[in-house]
Structure formats: C-alpha cells, structure tokens
Amino acid sequence: MRFFLAASDRSLIEREGRGAFSFTVALLAILALMPAVVLFKAALWPSGSFDPAPALAELSRPTALRATWNSLESAFLSALMAVVLGSFCALLIGTSDMRGKRIFALLMTMGMLIAPQVAALAFKTLAGPASPLLKLIGLAPSPGSPNPLLGRTGIILVLGLHHAPLVMLTLLAGLRTMPNSLIEAAQIDGATASVLTARVVLPCLAVHVAAAAMLAFVAALGNFGIPALLGLPVNYVTLPTLIYRQLSSFGPGVIADVATLSILLALIAGGAILGALRILDGRSTMLDDDGGLQPYWRLGVWRWPLQVVAVGLVVVTLVLPFLSLLASALVPAYGMPLTAHTITLRAFGEVMFRQASTVEAFRNSFLFAGGAALLLAVLALPVSYALVRIAGRSRATLLFLIELPFALPGIVIAIAAILLFLRPLPIIGVSLYATPWIILFAYLARFLSMATKPTIAALTQLDRSVEEAASLCGAGFGARLRHVLVPALLPAMLAGAMFVFLTAFNELTVSALLWSAGTRTLGVILFSLEEAGLTAEASALAVLTMLIVAGLMLAIDMLGKRLPRGVVPWAV
Amino acid sequence: MRKIILIGAATLLGCITFATAGQAAEGKLLLYTSQPNTDAQQTIDAFKAKYPKVEISFVRDGTPRVMAKLRAEIQAGAAQPDLLLIADSVTMEGLKAEGRLLGHPTADVTAYAAGIHDSEKFWFSTKLITTGIVYNTSAPLKPESWADLTKAEAKGKVVMPSPLNSGAALIHAATLSGSLPGGWDYYKALKANDALAGGANGDVLRQVAGGEKLYGMIVDFMPIREKAKGAPVAFVFPKDGVSAVSEPVAILSTTKNPVAAKAFVDFLLSKEGQELALKQGYLAAHPDVAVPAGFPERQTIKLLPFDAKKALASEQAYRKTFSDIFGQ
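So the sequences go chain by chain: A and B. Just so we're aligned, residue 8 is where the first sequence starts under this note's numbering, counting upward by one. Just so we're aligned, residue 38 is where the second sequence starts under this note's numbering, counting upward by one.
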C-alpha cells in the first residue's frame, strides 16, 4: 500500500514537472541551438545556397593560418604550465598539512576571477622599460629593450598563470571524490607519504589532471583579453583576436568570414570539451562516501620552503599585478617614474568622477551582470528541476546544450548574437542590435551553465522523499515550490547568481563586439582607454574592478557555510 | 533714421537668432568620435557649459572602428549617432556621396581659408593634425627624415599605427606612398627594418614613451602634450614634409536633433571652440587662433601633397597593400 502510494506520487511529480521540462527544452533551443544554426548558415550558406568555397578561402588565408597556429600553440603550452602549477597547489592544499590552506586557495582563485584584460594590463605594465614598479626599485630594463611580456612568450606565461587556479580547483574537486579508505589501507601497509602520492593518489587523479588540462586548453583558446592586450599591439593574432580585429575594423561586410573563423574556433574547443567529458565520464562519483581524502602528508622540514613557494605564487599571480596597476595609476604620464613628487590621484579622479563613459560603464556592468545573475538564478530553478527530476534519458543531451555556450569561446557567442539580431526581428520589426538586450541575451546563453551547477548539486542532495511527503500532504507543485524547493535551494541559487555576477561584471569577450553607445561595459572601457594610450586611467579602472571582485568573493566565502559541499570551489 | 532702423532690425534679428540658437538647442545628442577619451570629454563638457539643455554623450574608437560600428548600425536600421568627429575628410566624402550626411548651409566659415571645408557644407575641418616622428629622448638617433626610420640604428625599434585601427594612419600611408620616391617601397623598407605596425596612435605613444620602441610614426599632439607632462618623448616634423588630417565634424542625415547638432558644429567652428582645441594641444583650423606650445608656426609646417579623390577611390586597396606588407 505504501509502495503503491509512493509510485503514484512519483508519476504525479513527473506530470507536474512536465512544464518545467518543456520550458527547459524551449530555453535551450533559443540559447544554444539557434546560435549554432545561424553560425553555420552564415559561413556555409553565405548567399542562400550551400557554398563552402568562400569559407575555405578564408581559412586558407595566411593570416588565418597563422592565427590558428598561434591559438593552438599558446593554448597548448599555457595549459601545460597551468597543469604544473595547478597540480602543485592542489596537492599542497589537498594532501599536506600546510598552514593557511583556505586563504591560499581563496587568493589563488581570486587571481583567476580577475578579468583576463585586467591581468594582462597588470603584467604589461609590470615588465618592460617603462614599468613604474621596476623603476621604483631601479630594475627597469634600459630604453629600447622590448617589453618581454608583449607577444608570444608573454601571452603563454600570463595565460598559464591565469588558468593555474582552474586546474587547482578541478583537482581539488577530484581529490574530494577519492575515498580516504584508500589512503588508510596504504598507510597500514607502511607506505610513506611520497610513495602514497606517487603510487596511489596520482594514478587515481590522472583522469582529473587530463580533464583539467583540457579545460585549461579550452579556456586559453577562447581567451580574448590577454591576447588582445598583449598580442594585438605587436601584431600577434590568435583566432579570437583575429575575429575581433576583422569585425571591428571592417564592419558587417566581413560577417561571413568571421562566422567561418568562429566555427573553426568552436570545433577545436568542442573537440577538447568532448575529450574532457569522455575522460571524466562516470568517474566523478565517490566510491565510498567517507568525506573524501584527508590530508596525509606531514611536510616536516619541507613545510617552510613549500609555504614560501606558495606565498611566492600568490605574490606573482595577485600581489605584483595589483601593485603594478596601482603604480601605473599613480604616475602622471606613462613612462615616468613613481616618486614622491610625481605621485598623483588624477587618474582615479578622471575615471571615477570626470569621465562620463566610465561612470556609465560601472552602471552598465552592474545592471547587465546583475540582471543576468538574477534572471539566471530564477531560470536555474525550473532547469535544474527538469534535469534532476524529470529528464531521465535526455539528461545528457540537455546538459551538453547547457554547457555548449559556456564552454565555447565567448567571441563565438557574440558573432552568433550579431547574426541573430542585427537585422530587425521578424514580427516586431525592431533590431536588438545597439540595445542592452543583445548583451543580456549573450550573457544568458553563456552563463546558464554557471548558474545551474549549484542548484543541480543542491537538488540532487535534496531527497525526493521530502517532496513526496509534501505531495502526500496535498501540496501541489506551486506549494512545494514555495515551501520545500525554494527554501532548500535558495543558498545555491544565490551562489550561482553571485558567480554569474562576478564573471559577467568583468567580462570583455562578449561585449567587445556587442557594445554600442550607452551599453559599454567596464571591460570595453578599460580596453578602449588602453588603446587610446591612457594607461594611467586604464590602470585606475583596473584597480577599482579588482577591489570589487575581492569584495564579492569575500561575500560568497561568507555565504559558503550554508551551501552544499563543493559549491564554493575554494572552500577546503 | 534709416541707419537706426537697420541697426534695430539687425539687433532684433540678432536677438532672434540668438534666442532660437539658445532655446531650440536641447534634447539628446550622441557623438561618435576618434578623439582620445579625455579630449572628447573636455569637448562635450565645454559644449554643455554653453548649451546646458543639451544632453550630449560620446563614443570613442579609432576611425575605422567607429565606421565599422556605424555600418553595422545602419544595417540594423538603427544608426545611433547624430554627429561624427573623426580623423579624416576622405571618409566624410564617402559618407556624403552615399547621402548619409546632413548639410549645414548656415554654418559660418568666413574666418577660414577657402578649400579646407566641404564646399557644399556637409563636413567641416576642425583642426590640422599632422603625422610625424616621435622618438624616446634616450634614443641614440634623432630622426630628421622619413628615411631615417629605415636606417640600421633603428632596426627593430620603430613602431607605427595600423590603417586598420587609425584613420590618420590610413591617410598617412596614402600620402607617403603617393609622394615619397619609390611609393610603397618605403613601407617595404620599414618592414625589412623590422618595424612594427600594431595598434593605433595610443599604442605608438605608449611603446615609445615606455621605451619598448624608440621611434614611431604618430599624430603630433600626443607626444607634444605628453612631453609637456614630463614624458621622455619628443616630436619631429620630418624635413621632407608631413601628412595631415583635419578631424572634420559632420551631422548624420538620420539625426533626430538637427538643431542641437548644428549648434555643436557651430560651437566647434567658433573662436571659442577653436580656442579649446588650442588648450588641448591641437593645431586649430581657425587661422587666427594661436599655435599651442611645442608647435612651430603654421606656415613653417611643410605638408606633403595628397590626392583626396584618389584616396577615396582606393581606400580599400591602401588597407590591403599595407596589410599584405605587414602581415595583418
């Protein structure tokens, strides 16, 4: 009798959730499928009929070939560097008895959440003969020597540093799924910490390392801010910067060409993502739920040297860039040394109060990122519900469609949005181009995955029986939503919204091509200031955004206690 | 008596003109410009001080990018700007030929030399911006001519703006290739000397002031202004002559606020607007406005010959030739 009731309730829950399922399918058709369709249409059906010749001609241009090679090479080498650094950090945090793990993980993650263009500007002003910081300590190279961070080497180094925390977080998540009994068994057999690491932990972690490497590769492939600031001035182009340069210098006449380049970029990234998914497939579940791996490595005499290395990493990825930006923002003109006589707050005054465009950019970034974050937090509820409770066999496909626009380089989404919305929309006859809505659309598509991850995790942990019990008591879908689901999922929805806000607030890749008068974001203004030669102003703006990111991360950190394990990635 | 009536009528007319100009200029205005952000902000601030009822804002990017943005908006059927203030008149001629500009027949250009504005008053030159050579003051060589940049001492140390990013750079390439003996061979020699063509004028300034490169081709006002602030740079007008653009202003035919847009054009052409250009460190187009500190007298600046008609016809070809030489 009890069983019978439960079974009928289950089908009732599923029937009532159908709406959420259809809604999710429709949403994904708009946010993921439509962009893909218009891209292929623009590239391969340029004049209505199938004609791959112009696309092939574009791809075989020397510049396109060079950009493809540069993209592959910089993504590969930077991913390698990120894996080395990230694995070191993850092992130190996850397996050793180092001090201050939490703050170390938080600071490393902060280095990643700082916008790429901000990091690039920081490293650009850090090295080279003009570096205010190097001049301050008398170490600046002599005039006439090139800035070592401009071009290929600099891009690879900064990408590698920027993505090391990504690898670190992926591996920490991997370590959390390893059963501690493995360690205990090996310890009983008398294995030392180093043998244990080499023979037990690393082999188990290998799949995660491979997946993390793929993620770092894809992230580097799609990165725009770093190669734009460090590459374009010296004519080193990657696929995203080539797409940007073509479209922003030649206008909509070359849209078919940039659609072709976008597809090439998407295919390379897509291949790597599928590889990563395959590797990780079915291996992320904990074998034995005993709370995951516990630190086993007593560092002993090695603790201090390693602790110093860890602090050094934080200095290189976070402290030096920040100081360099601050110093560049405080000199009156680029190339001058920072002294007690030259120091000035003019650049801060200029970007905070004088320049209408930067004030407007602060407002826009707050509005667009905030709007996208709120909307996505709300959308995450039906989407996660459909995925966890209803989807069944179609779950994998839906998950793939959610991941697609996030994993693909942002510039690809931007091109798709232009293709979709440049011409006036069919029925209402109004174009979304040059309005905030086109940017909001791109943000929704791109960050849906980020918003749904925490709610999916939370909903998976929320036992179905709670809802069934409510249903038995006569609670319909609306009442269950109000009294059971939303209260239980609210912290996760909030966390998702905050991650979306953090990323969208600093974002440049999408808005670099979609901005218009009145819709310029902080990223766009920073890039524009730097391109106009106003390095002090750009640095001042960068310092301000870094402070905002730090504040937001601390807020998420404080919220972390109320979230399911693994939602706040740096919480260890 | 007649004289009094005339004076009275003139005063009345003056009042009416003044009143219409003062009252009717209100509402929103959007300017697309290639002026650096800080200059553009000063320009619109000065205009706002005079016409407080006009809410004017601006968007800034290099001329080719401003045009690319505008082209996309025209395709979307939503051209945003009311006004353009961009590097060169060749681009303006192109827009005028397409019928995208609005004429301003009542603009007062009596103070200006003949031939510097559009004869049908569709666009108006506001400045004279030349492109010459900047060098870092610690550089061993003080360049005097364009050919000096191809010398062995400058190998790998020269940077120039790309016509893909800068309107002035396009005119400069068109001028040099059209007037130097050997034409584009000069640019090939620069490439052979490992010269870099990357971003826009701002990048050139940054790289030369920062000492990453020692010599650059650049618009005059940037290094002259930075030198005054204390940056280690100096500007040279090469002895063979310089290229020049006039930073023209024009009203778009799709403007919803022609009255205020005309007021903006009038403001830029007025003595007051021209004095602002002087204060910002530009060579003003108005012949009676003084030359900013750091510039030679107007007559002593030698301009290289430039064929505007040919430039309009072969704009794309210039870009392509340049891109091919520098691998862009």
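Just so you know, these hints were derived from the structure itself, not from any lab. Just so it is clear, CB atoms sit at the ideal spot from N, CA and C, and this is done for glycine as well. Take the hints with a grain of salt, since some may be wrong.
As the list claims (entries may be wrong) - Listed next, the in silico EDC-like pairs over lysine to aspartate or glutamate satisfying Cα-Cα at most 20 angstroms (straight line):
| no. | chain 1 | residue 1 | chain 2 | residue 2 |
| --- | --- | --- | --- | --- |
| 1 | B | Lys357 | A | Glu65 |
| 2 | B | Lys87 | B | Glu334 |
| 3 | B | Lys87 | B | Asp76 |
| 4 | B | Lys85 | A | Glu367 |
| 5 | B | Lys347 | B | Glu334 |
| 6 | B | Lys276 | B | Glu334 |
| 7 | B | Lys225 | B | Asp145 |
| 8 | B | Lys65 | A | Glu65 |
Stated by the list, open to error - Looking from chain A toward chain B, a few residues come up when the C-beta cut is under 8 angstroms (computed):
| no. | residue |
| --- | --- |
| 9 | Arg22 |
| 10 | Ala36 |
| 11 | Ile37 |
| 12 | Ala43 |
| 13 | Gly135 |
| 14 | Ala137 |
| 15 | Leu140 |
| 16 | Lys142 |
| 17 | Asn154 |
| 18 | Asn242 |
| 19 | Pro339 |
| 20 | Gln362 |
| 21 | Pro431 |
| 22 | Ile435 |
| 23 | Tyr440 |
The hints, checked one at a time:
| no. | hint | in the structure |
| --- | --- | --- |
| 1 | B/Lys357 / A/Glu65 | holds, 15 angstroms |
| 2 | B/Lys87 / B/Glu334 | violated, 30 angstroms |
| 3 | B/Lys87 / B/Asp76 | holds, 17 angstroms |
| 4 | B/Lys85 / A/Glu367 | holds, 17 angstroms |
| 5 | B/Lys347 / B/Glu334 | violated, 30 angstroms |
| 6 | B/Lys276 / B/Glu334 | holds, 15 angstroms |
| 7 | B/Lys225 / B/Asp145 | violated, 44 angstroms |
| 8 | B/Lys65 / A/Glu65 | violated, 42 angstroms |
| 9 | Arg22 | violated, 44 angstroms |
| 10 | Ala36 | violated, 24 angstroms |
| 11 | Ile37 | violated, 20 angstroms |
| 12 | Ala43 | violated, 22 angstroms |
| 13 | Gly135 | holds, 5 angstroms |
| 14 | Ala137 | holds, 3 angstroms |
| 15 | Leu140 | violated, 13 angstroms |
| 16 | Lys142 | violated, 10 angstroms |
| 17 | Asn154 | holds, 5 angstroms |
| 18 | Asn242 | holds, 5 angstroms |
| 19 | Pro339 | holds, 6 angstroms |
| 20 | Gln362 | holds, 6 angstroms |
| 21 | Pro431 | holds, 6 angstroms |
| 22 | Ile435 | violated, 12 angstroms |
| 23 | Tyr440 | holds, 4 angstroms |
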